[in-house]
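Peer 1: What follows is each chain in one-letter form.
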Amino acid sequence: EAGVVQSPRYKIIEKKQPVAFWCNPISGHNTLYWYRQNLGQGPELLIRYENEEAVDDSQLPKDRFSAERLKGVDSTLKIQPAELGDSAVYLCASSSVRTGIYNEQFFGPGTRLTVL
Amino acid sequence: AQKITQTQPGMFVQEKEAVTLDCTYDTSDPSYGLFWYKQPSSGEMIFLIYQGSYDQQNATEGRYSLNFQKARKSANLVISASQLGDSAMYFCAMSVYEKLTFGTGTRLTIIP
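Residue numbers (my numbering), protein chains in the order written: chain A, 1122 to 1237; chain B, 3 to 114.
Worth flagging that the hints you see were computed from the coordinates, not collected in a lab. The structure presented is a predicted model; accordingly, all values stated were derived computationally and were not measured. Treat the hints with care, as some may be off.
To be verified - Reference listing, derived: stretches of chain A covered by chain B, where coverage requires no fewer than 3 residues with Cβ under 8 Å from a Cβ of chain B:
id: 1; region: 1159-1167
id: 2; region: 1228-1234
Said to hold, decoys possible - For lysine-lysine, the following DSS-like pairs were computed, each having C-alpha atoms within a straight-line distance of at most 27 Å:
id: 3; chain 1: A; residue 1: K1199; chain 2: B; residue 2: K101
id: 4; chain 1: B; residue 1: K101; chain 2: B; residue 2: K72
id: 5; chain 1: A; residue 1: K1192; chain 2: B; residue 2: K101
To be verified - FRET-style restraints, in silico, Cβ to Cβ:
id: 6; chain 1: B; residue 1: Y99; chain 2: A; residue 2: A1141; range: 21 to 31 Å
id: 7; chain 1: A; residue 1: N1172; chain 2: B; residue 2: P11; range: 35 to 45 Å
id: 8; chain 1: A; residue 1: T1197; chain 2: B; residue 2: G87; range: 26 to 36 Å
We treat Cβ as the ideally placed atom computed from N, Cα and C, and that holds for glycine.
Go ahead and model the full structure; you've got the sequences and the hints to work with.
Peer 2: Pasting the structure below:
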């Protein structure tokens, strides 16, 4: 079974430029999460989707961040415009009630964003 | 609000020794799950072990065990017979209503 796929793995941009990250969850997983992990910290939830509906976006900075999950499968996270403080690793995770473990989340390799 | 505290920023352990990574948590919700994840330098979060708040016995998965002390709100990870490949960041996390909250992590280095 393929794991969570993310692209790109690395991205370097100038501040004020836009950037987008893509995530393909594990097949059959209806819940998708985007996290941001700052250097030396644990991941922090940005947004959670149940199928195509964003059910928790309370931590998403909506002035510059946006996300979508069309057809309840792949998801895209966008930042426009990027700021220096957005430099971090952006992790995507997915889960399903069928995993048998309370809310076990499977993580992708992440996208490391550097804003210059 | 949920909070996870990991007080050990870094640990050095001799190969083949056992190691305990500390984790305390805080929540007012009676139903929660506790997780440990390993994050190697490649960046991917790897699930290690899970403990439910109503589970009576401590969870075990191979060389990993979770020392769950509910009254003290602690969920320490014990790795037996450490290996060089265990060198990584380790994160404790708690799930309440499907929201996962992570601690700041412990960097474990295994010395040959």
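Peer 1: Tell me the hint numbers this structure goes against, listed in increasing order.
Peer 2: Hint check: nothing fails, all pass.
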